[in-house]
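Q: Sequence:
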Amino acid sequence: MIKIMVFGTFDILHLGHLDFFRQAKEHGDQLTVVVAHDETVKTIKGEYPIHKQTERMAEIEKQGIVDEVIAAQSGGDKLQIIRERQPAIICLGYDQRKFVGELERYIKGSNQNIKIIRARSYKPEIYKSSKLIKKIKI
Numbered sequence: 001m002i003k004i005m006v007f008g009t010f011d012i013l014h015l016g017h018l019d020f021f022r023q024a025k026e027h028g029d030q031l032t033v034v035v036a037h038d039e040t041v042k043t044i045k046g047e048y049p050i051h052k053q054t055e056r057m058a059e060i061e062k063q064g065i066v067d068e069v070i071a072a073q074s075g076g077d078k079l080q081i082i083r084e085r086q087p088a089i090i091c092l093g094y095d096q097r098k099f100v101g102e103l104e105r106y107i108k109g110s111n112q113n114i115k116i117i118r119a120r121s122y123k124p125e126i127y128k129s130s131k132l133i134k135k136i137k138i
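For the sequence shown, the numbering used here assigns the number 1 to the initial residue and increments by one for each residue that follows.
I should point out that these hints are in silico values taken from the structure, not numbers from a laboratory.
From the three backbone atoms N, C-alpha and C, an ideal C-beta is built for every residue, glycine too.
Heads up, some of the hints might be wrong.
Claimed, not checked - In silico DSS-like links for lysine-lysine, alpha-carbon gap of 30 Å or less: (1) Lys108 - Lys25; (2) Lys98 - Lys45; (3) Lys25 - Lys52; (4) Lys3 - Lys78; (5) Lys108 - Lys3; (6) Lys3 - Lys62; (7) Lys115 - Lys42; (8) Lys98 - Lys52; (9) Lys115 - Lys78.
Claimed, not checked - Simulated DEER-style distance windows between Cβ atoms: (10) Gln86 - Glu47: 13 to 21 Å; (11) Gln96 - Glu39: 17 to 25 Å; (12) Glu47 - Asn111: 36 to 44 Å; (13) Glu26 - Gln112: 30 to 38 Å; (14) Lys62 - Asn113: 27 to 35 Å.
My request is simple: use the sequences and hints to build the entire structure.
A: Shown next as structure tokens:
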């Protein structure tokens with residue numbers, strides 16, 4: 001079984017996210033989505049997500065596309081979940097840049113043979129979370 005893992009905030013779930021999940025799933029058998037903790041989102045983006053982590057997870061589960069949705073923990077070891085779950089592939093979003101260097105260094109130094117792939121964008125002029133959130137806040 002080929003396990004794929006993706007990471008993200010997934011606040012205001014939109015068609016771009018759903019396309020991202022579909023693209024990731026094309027590369028294997030089991031797709032696990034790791035949803036960022038609210039405190040991590042605040043640290044990275046400077047503000048809390050609109051929806052709490054549990055709400056974001058529930059929305060993803062309702063779509064019926066992914067096999068597993070799990071909560072990332074706040075702080076601590078960001079790579080622990082990768083060590084525990086041992087995915088064959090980690091799929092990154094087209095614009096995902098945070099922690100990529102750390103992830104690449106970990107893979108290079110570990111005995112895990114993890115492939116990193118990057119998804120294509122899906123109408124980023126329309127379906128980009130930061131743009132949608134700005135519209136909501138106006």
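Q: Evaluate each hint against the coordinates.
A: Okay, the hints, checked on the actual structure:
1. Proposed proximity of lysine 108 and lysine 25 is supported: the alpha carbons are some 24 Å apart, at most 30 Å.
2. Pair hint lysine 98 plus lysine 45 holds up; C-alpha atoms about 10 Å apart against a cutoff of 30 Å.
3. Note on lysine 25 and lysine 52: the hinted pairing holds, with a Cα-Cα distance of about 25 Å set against a maximum of 30 Å.
4. Distance check on the hinted pair: lysine 3 and lysine 78 sit about 18 Å apart at the alpha-carbon level, within 30 Å; holds.
5. Taken as a hint, the lysine 108 and lysine 3 pair is honoured in the structure, with Cα atoms around 19 Å apart against an allowance of 30 Å.
6. A threshold of 30 Å between alpha carbons decides the hint, and for lysine 3 with lysine 62 the separation of about 21 Å falls inside it, so the pair holds.
7. For the hint linking lysine 115 to lysine 42, the alpha-carbon distance of about 28 Å falls within 30 Å, and the restraint holds.
8. In summary, the hint linking lysine 98 to lysine 52 is supported, as the alpha carbons are separated by about 20 Å, within the 30 Å threshold.
9. Between lysine 115 and lysine 78 the alpha-carbon distance is near 18 Å, which keeps this suggested pair within the 30 Å criterion.
10. One distance hint, 13 to 21 Å for the beta-carbon pair glutamine 86 and glutamate 47, is violated here, with the actual separation near 33 Å.
11. A hinted range of 17 to 25 Å for the beta carbons of glutamine 96 and glutamate 39 is consistent with their spacing of about 19 Å.
12. Here the CB-CB span from glutamate 47 to asparagine 111 is close to 38 Å, well matched to the stated 36 to 44 Å.
13. At about 22 Å, the CB distance of glutamate 26 to glutamine 112 disagrees with the hint of 30 to 38 Å.
14. For the pair lysine 62 and asparagine 113, the beta carbons lie near 33 Å from each other, so the given range of 27 to 35 Å is met.
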